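With the sequence shown counted from 1, adding 2 to any position gets you this note's numbering.
FYI, nobody ran anything at the bench for these hints, they're computed from the structure. Please read all numbers here as calculations on a predicted model, not as lab measurements. There's no promise every hint is true.
As the list claims (entries may be wrong) - Capping the alpha-carbon separation at 25 Å, the derived lysine to any residue pairs in SDA-like fashion look like this:
| no. | residue 1 | residue 2 |
| --- | --- | --- |
| 1 | Lys276 | Ala423 |
| 2 | Lys271 | Leu246 |
| 3 | Lys154 | Lys113 |
| 4 | Lys378 | Gly125 |
| 5 | Lys248 | Arg212 |
| 6 | Lys276 | Leu411 |
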Amino acid sequence: MNEVNNDRPKNEGPTFAQLGVREETVEALAALGIERAFAIQEYAIPIALRGSDIIGRAPTGTGKTFGFGLPIIDRIVSAEEGASGKPQALILVPTRELGLQVARDLEDAGKTRGIRVLPIYGGRAYEPQVEALRAGVDIIVGTPGRLLDLYKSKHIKLDAIAHCVLDEADRMLDLGFSEDVEKILKLLPEERQTMLFSATMPDTIMSLSRRHMHRPMTVAADVTGPDQEAANNTRQLVYMTHALNKVEVTARILQARERGLTILFCRTKRAAQKLADELDFRGFAVGSVHGDLGQNARERALRAFRSGKIDVLVATDVAARGIDVPDITHVINYDSPEEAETYVHRIGRTGRAGATGIAVTFLTWEDLPRWKIIVKANNLDIGEPVETYHTSDHLYTDLDIPEGAPSALPSELRKRDGLSAEREENVEGDSRKSGRGRGRGRGDRERGRGGNDRGGSDRRGGGRSGGRSEGSGERTAASSERITVDDSGSVVGGSADGGEAPAPRSRQRRRIRTEGEGAEAKAPRESAPAAESAPSADAEGDAPRRRRRRRRPTGGSDRQTSAE
């Protein structure tokens, strides 16, 4: 039987008061049940309180947020103490989910002093963020892209920033934010405190620190191997599975005894959504978080997961560093990670801050070469992967799965409220109503106003639908004013202004007029009143077959042929 102890053990580290944290902050942390510091907090807080630059490296889930957040909260001025309302601290994060998590933690820690924390990220309406900035904030937690957008539109001022933090800096650079981060750091005042925290420290991070930090002090906690603490607190299992049997194996693991909240990681957005739909069909309370979902749907799934309305979350690596939920007992790598660091951050969702958990990784035969590199890079003490199917006996004994577990969750065990019980909040603002978001495009909005593809008019006068509409109108006007001209230039056809009705027309080819014929075509139109009094050859019924005039090039001669 495999027991999962997700209760956080007693922390024997020093208290925050002993580290020099303000009394108000200590009271706010005590209200959250947090009294003692973990290793990275113990090392980083005293140095940060002195105002020194810091490079901090520690496994994910060991409390880096409070390691840089508590010194910032203690050193800034609150609104009650006379703050001007300009941002005093800036924390850059790579993903929206991580930004929300960091902002929530800092807001809780600064609650007694009324510290105003604002998360800024894309996918959300600009208006609420702009209004909050105008009302005044103390700490900004944001992603680089949205932060630059607000700065360019002059909604945010960075001239009062005294503290800057790059959280999960390696991930930020991996996602292509290197240029944006450089721009933001150049916009900040020279006299500032800069802190850089990450679970891994590649060469690009060290190069960034040399350019933008002043004599930084390096702080490392339990880094004998990447995420060694997670490796010690998390039981890691690796199974060789067939691609077509993964869902069946997953359905059995999700029925394990004492299983709490579970995260499944997929490599692609499409695979994540497909797996979520399949598990939902099998009766599990499941949600998904990936890039194809709007911000409303992503936050709704995360809220339902934290509140326990769903107990299974299918995600891509976008959520690997943005979820800090204490009750996660299982992490399943449904698709094998592609990099050693990705594996570190995935399994770091469980076994956080001293708790224990289980991490299961599925491998296919194509994943074996990559997996050997991951094992070597992370110094993992894991045996050879065992070929596993949903009928394998060792699967049930390793994870304490009831014998004879079906492929779908029995109805008597479906006790979660499900994703539908979580109310969706519109954080995207009016962008969805005006069609700027995913869904209806400009063409859909034009048709929604009452037009169609052919007859509807475009207000801008352009577009395919507008062009066709105008063209059809021109053809209608031209047909009502058509005048027939013989080869000599005389009018032989009727008009639509009240003259005799023309005989049924024979099939005619529409003439295309060139620029040289502009003046010549104008003359027959001006002689149209004379044509009304002239006898119509077509009306008499004995007119010879009309000969069509040849189209002459621009600037050509006016030679005419006489009809014999």
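Each hint, compared with the structure:
1. Lys276 with Ala423: holds, 21 Å
2. Lys271 with Leu246: It holds: about 18 Å lies between the C-alpha atoms, which stays within 25 Å.
3. Lys154 with Lys113: violated, 31 Å
4. Lys378 with Gly125: violated, 38 Å
5. Lys248 with Arg212: violated, 46 Å
6. Lys276 with Leu411: holds, 18 Å
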